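A.B. asks: Residues in the sequence shown are numbered from 1 upward in steps of one, following the UniProt record's numbering.
No lab work stands behind these hints: they were computed from the structure.
This structure is a prediction, so every number in the text was calculated from the model and none was measured.
Just so you know, even glycine gets a beta-carbon here, dropped at the ideal spot from N, CA and C.
Some hints could be false.
[As the list claims (entries may be wrong)] Restricting the straight-line Cα-Cα distance to at most 20 Å, the calculated cross-link-like pairs of lysine to aspartate or glutamate (EDC-like) are:
1) Lys75 with Glu31
2) Lys40 with Asp160
3) Lys449 with Asp495
[As the list claims (entries may be wrong)] Computed beta-carbon distance windows for the label pairs:
4) Ala294 with Phe502: 36 to 46 Å
5) Asp419 with Asp525: 20 to 30 Å
6) Gln355 with Asp419: 18 to 28 Å
7) Asp170 with Gln110: 25 to 35 Å
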Amino acid sequence: MESSQRFSSLAFIALLAYFAFLASAELHVREFVIQPKPVKRLCRTHESITVNGQFPGPTLEVRNGDSLAITVINKARYNISIHWHGIRQLRNPWADGPEYITQCPIRPGQSYTYRFTIEDQEGTLWWHAHSRWLRATVYGALIIYPRLGSPYPFHMPKRDIPILLGEWWDRNPMDVLRQAQFTGAAANVSDAYTINGQPGDLYRCSRSETVRFPIFPGETVQLRVINAGLNQELFFSVANHQLTVVETDSAYTKPFTTSVIMIGPGQTTNVLLTANQRPGRYYMAARAYNSANAPFDNTTTTAILEYVNAPTRRGRGRGQIAPVFPVLPGFNDTATATAFTNRLRYWKRAPVPLQVDENLFFTVGLGLINCSNPNSPRCQGPNGTRFAASINNQSFVLPRRNSIMQAYYQGMPGIFTTDFPPVPPVQFDYTGNVSRGLWQPVKGTKAYKLKYKANVQIVLQDTSIVTPENHPMHLHGYQFYVVGSGFGNFNPRTDPARFNLFDPPERNTIGTPPGGWVAIRFVADNPGAWFMHCHIDSHLGWGLAMVFLVENGRGQLQSVQAPPLDLPRC
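Full structure from sequences and hints, please.
C.D. replies: Given below as structure tokens:
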């Protein structure tokens, strides 16, 4: 009798806790109006595509457990879709956003409401357009706070500062893309980098708009750093101040202190900064980390960390003292980039899969398509070719008649095939002197099927075809554990012995070391069609992508939910 009463009491307490959780969860209803707006940068005004007239777009602030209903109304002249980068979208690929993968794009004059719930995620993520190069200006922060009453695993400062790093072209980015698609050559590099939409003091016509962040002496703030740039990994630093890393890609890390971070397109990094220096003005700055033998934007964006009691100059030429500039690594400093990445650890013991059901080996890199007429204006790549990119020699082509997820759900044939190769079709010295006969990939729209709850390992192997390079690979619908990495060719006999299966960092986007490899693991517990691609948008357009089709499990709670009625049609 006593034990049954105790059980009833515990059940009642659990029920109360459940209802308290439901009561604390909020529904955030927003409208994102996609519209052109005059934006002036670098002395010139362009009609830039924006959300609600804002550049960067609005910051979304939610809590773990909250739901969102965001209606995207397209008043621009381009098709568009929005991706909620890093949100797992459990059983709900319809809200993921990549055009022609999980939905057809939202056409001009049409709308679509993205409905999704934050489930067991917290930290810094972001949202962006997932239609060609529109994300050059269509992006914003997505901040997920813990549930009410849930603590942080570190002492959380009272103040947050989102830092969105971007790239700016002094022309319409869609025209830059269109020119590259026509010529087959590499796209023109950006003209500036930006911090929260502003280039900073070192660019023409920009000084008056440089972003300034006031700070009190002794104050600690959290910087939520997001690389929203289209095509460039970046080094980021704040002059004379140490940064304590506490989170990457919405996953907490064991804290460590550094003077510089390296952050690839798509990645987020949270750092704590304490104002413990002499009162003054200090530049925060970002410049390129360029691992490839390729042109890049060799400029530096700045903002200013400004102590509220910073002294001013006296006498003639009075005014604010010049900010101190940080020491940034050289553009090709792979040693610093690697040392930073190798220090990342999950904040506690990670639930990484110890057994592997699917052992995949993916070569990732560039390629060249030979032209029958090398002198054609459409063949302006190296030696009269067109640039391409591939995974396992498969260069991904987006479908047009339907999205892959819709075709998969509807059982529509002819949109994609499920014969994506689990290993390269030909083995070769991936990081050596590769025969030119292996430089041309095969185009197609291929997916790879995974059983529900399969334990998956993928080794991503960079190649030296065209150039070795750090490729920031992003997997939609999942977080994964980065269990190992190295330079040269992956050795399946010896390298797994060095894997970190205790506290590997958890991420949604990871770079392949240039001329090296990285190994990731995850459990395929989210059914649907999920895009995996390089987050350098030039490479994505060239075909550096593939799709995982994760099969349904048993019952409704392990199956993809039905598509919404307003899902756009192709």
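A.B. asks: None of the hints should be skipped; say for each whether it holds.
C.D. replies: Each hint tested on the structure:
no. : hint                           : result
1   : Lys75 with Glu31               : holds, 12 Å
2   : Lys40 with Asp160              : violated, 27 Å
3   : Lys449 with Asp495             : violated, 26 Å
4   : Ala294 with Phe502: 36 to 46 Å : holds, 37 Å
5   : Asp419 with Asp525: 20 to 30 Å : holds, 24 Å
6   : Gln355 with Asp419: 18 to 28 Å : holds, 26 Å
7   : Asp170 with Gln110: 25 to 35 Å : holds, 31 Å
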